[in-house]
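Asks: In order, the protein sequence lines correspond to chains A and B. Each step along the first sequence adds one to the number in this note's numbering, with nothing skipped, and position 115 is 95. The number in this note's numbering is simply the position in the second sequence, starting from 1, with 25 added.
No lab work stands behind these hints, which were simulated from the structure alone. We treat Cβ as the ideally placed atom computed from N, Cα and C, and that holds for glycine. Be a bit skeptical, because a hint or two may be false.
[What the hints assert, rightly or not] Here are some, though not all, of the chain A residues that point toward chain B, as calculated from beta-carbon distances under 10 Å:
no.: 1; residue: 57
no.: 2; residue: 58
no.: 3; residue: 63
no.: 4; residue: 67
no.: 5; residue: 79
no.: 6; residue: 83
no.: 7; residue: 91
no.: 8; residue: 93
no.: 9; residue: 105
no.: 10; residue: 106
no.: 11; residue: 108
no.: 12; residue: 109
no.: 13; residue: 138
no.: 14; residue: 142
no.: 15; residue: 144
no.: 16; residue: 145
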Amino acid sequence: MDNNAKDIITVKGLTKKYITYKRGSGFKESVKALFVREKVPVIAVNDISFSVRDGDIIGLLGPNGAGKSTTIKMLTGTLYPTCGTIEVMGYNPTKNRKNYVRQIGAVFGQRSQLIWDIPPLDSFRMNKAIYGISDEEFEERVSFMAKLFMVEDLIKRPTRVLSLGERMKCEFTMAMLHNPKVVFLDEPTIGLDVIAKHNIRDFIRRMNGMGTTFILTTHDLEDVEQLARKVIIINKGVKVFDDTIENLKKVLGAKKIVQLTLLKEVGTLDIPGASILERESPLKMTVSVDLERMPINEFMAKLSEQCAFSDISVKEMPMDTIITHIYQSKGIEQPDK
Amino acid sequence: MIRYLKIYKECIKVDFATASTYRLNFFLNCIIMLLGDIFFPLITVLIYGSGAGFEGWTVYEVLLIQSVFTMSTAIADMTFHGIMWATMDLVRNGGMEMVLILPVDTMFILMARTFSFEGIGLFAGGAAIFTIAILNIPAPSVWEWLQFLAFFISGLFVIMGIGLIMAAISFKWVGNSRIPEIFDCIRSFGKYPQSVFPKAILVFTSFLIPIAMIAYCPAAALLGRGNMTMFLMILPCVIFLLFGIFLYKYMVRLYQGVGG
């Protein structure tokens, strides 16, 4: 990405409030709720400001219910902000919506643009008509995307027979047909296996290399580590971090979480940089490993010397731990932890 | 405009592809819709067969009204009525985002995407009764046919207006499965000769929600009973449609989405 690139997205004081209704559980509460409902104001996004440079990949991280999806929906113009301003490529998404959305693409990991009963290729033709794409450009784009994703045959089969990973590839193809300058991705890798995630990430990198700006929401730190140059972390509607991935790593330290199933109970682990976080049972424990002090391969070797285990999994730091680290690094109290 | 026509053509092709995928379901739905709506004119035949009926109206005249009603319903079901169901569904499950990110008019794309061939059976049934009725009344003049056409289109405006208002309500009244029943209930006043209603209801069906225009006015035109009041009723039909469009566009702005 060009370091002198100008801002393509500018968000100032973005806020989204709405009213929901509180209803208790159980029969008595249900009957009561038929007549009286308590209004509960919710601030889904609270005074968020940030900017995105042309050609960048931005990761919008946060735990479930943090306000990531609401933010991205406001950026795509599908939800109206309560207050604040958004400018994307000079457009205000809530005004002149039709002209604005023509310039952007969007993939919502839990929603589909594909039509269930017909092949993706027919759904692509629908978007061809909607975006007014010429025949030549359509053929060229479909052929390019299909080759990139290796879905040349799949796009001719009914969508309902495709796997989740195959469908996601087709969703991406559909979202990119009109060659959008900015693409919003809401949990694009949710529910996908390792290979499918790899394919999607590879695709995003390649399209970014061709100049497309991506904004993706995720609660998978790996997505961000592998794709984004800049990270914005949101917690309970408030922005808590907005910096480069390198600076996030400095705050968090290079740590991995290792989950172990032991064959025999062990008391302590005498491995520099490793500390037991939790013992779920005598034979199950979660260990934190500081990679700057102990590379993961050396940790494995030392672990094998000290204990016998039947299962091991290496994971990224959980989102709530990341949020706690960020609050601690800023020296401020974490709200409702 | 050309782009919108192309989009509509694609939507028709998609519906045809879907119908051909589930052929049995398609044919069954056509038959069920036909049987469901054709039942009403058959009752009219039975009522008149037993010696009873609507005063001042022959059985063929009443059948003419009801066949026009059936054809209007069928056209609405095929072309734009689906927006009501689609909006209710999309608002409840949060799928409206996928429509709002498209660079086209939201109302248009929802109507186009819900185009359904299944109403073709109903239209054929209505057209058959219409033909029988028209062959048993004095032949209408060209002027009467033109009046019929103007009133018939105005009637479609009314159905579209009611559908849009009901769809718009579903943005606020999320997941209420009774909305279509309210729609049907209001519309069903249009199935009868309006002269059987008291004056208060006539004002309601003529000017407030001009459902008399759905079937009664077009049929009356063919029977040579068209009058200036009916022409004046075209204006509330247009206003009613414009109000439905305005309300729908306004309510889309209030869309809240669902959790991610």
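Asks: Now, for every hint given, state plainly whether the structure supports it.
Replies: Now the hints, each set against the structure:
1. 57: For residue 57(A), the interface hint holds, since the closest Cβ of chain B sits about 7 Å away, which is under 10 Å.
2. 58: holds, 4 Å
3. 63: Hint violated; residue 63(A) Cβ to chain B Cβ min 15 Å, cut 10 Å.
4. 67: violated, 18 Å
5. 79: Holds, about 7 Å.
6. 83: holds, 9 Å
7. 91: holds, 5 Å
8. 93: Nearest chain B Cβ about 6 Å off; hint holds.
9. 105: The hint holds - residue 105(A) has a Cβ within 10 Å of chain B, the shortest such distance being about 6 Å.
10. 106: holds, 5 Å
11. 108: holds, 8 Å
12. 109: This interface hint holds because 4 Å falls under the 10 Å limit.
13. 138: holds, 7 Å
14. 142: violated, 15 Å
15. 144: violated, 17 Å
16. 145: violated, 20 Å
The structure fails hints 3, 4, 14, 15, 16 (numbered hints given earlier, in ascending order).
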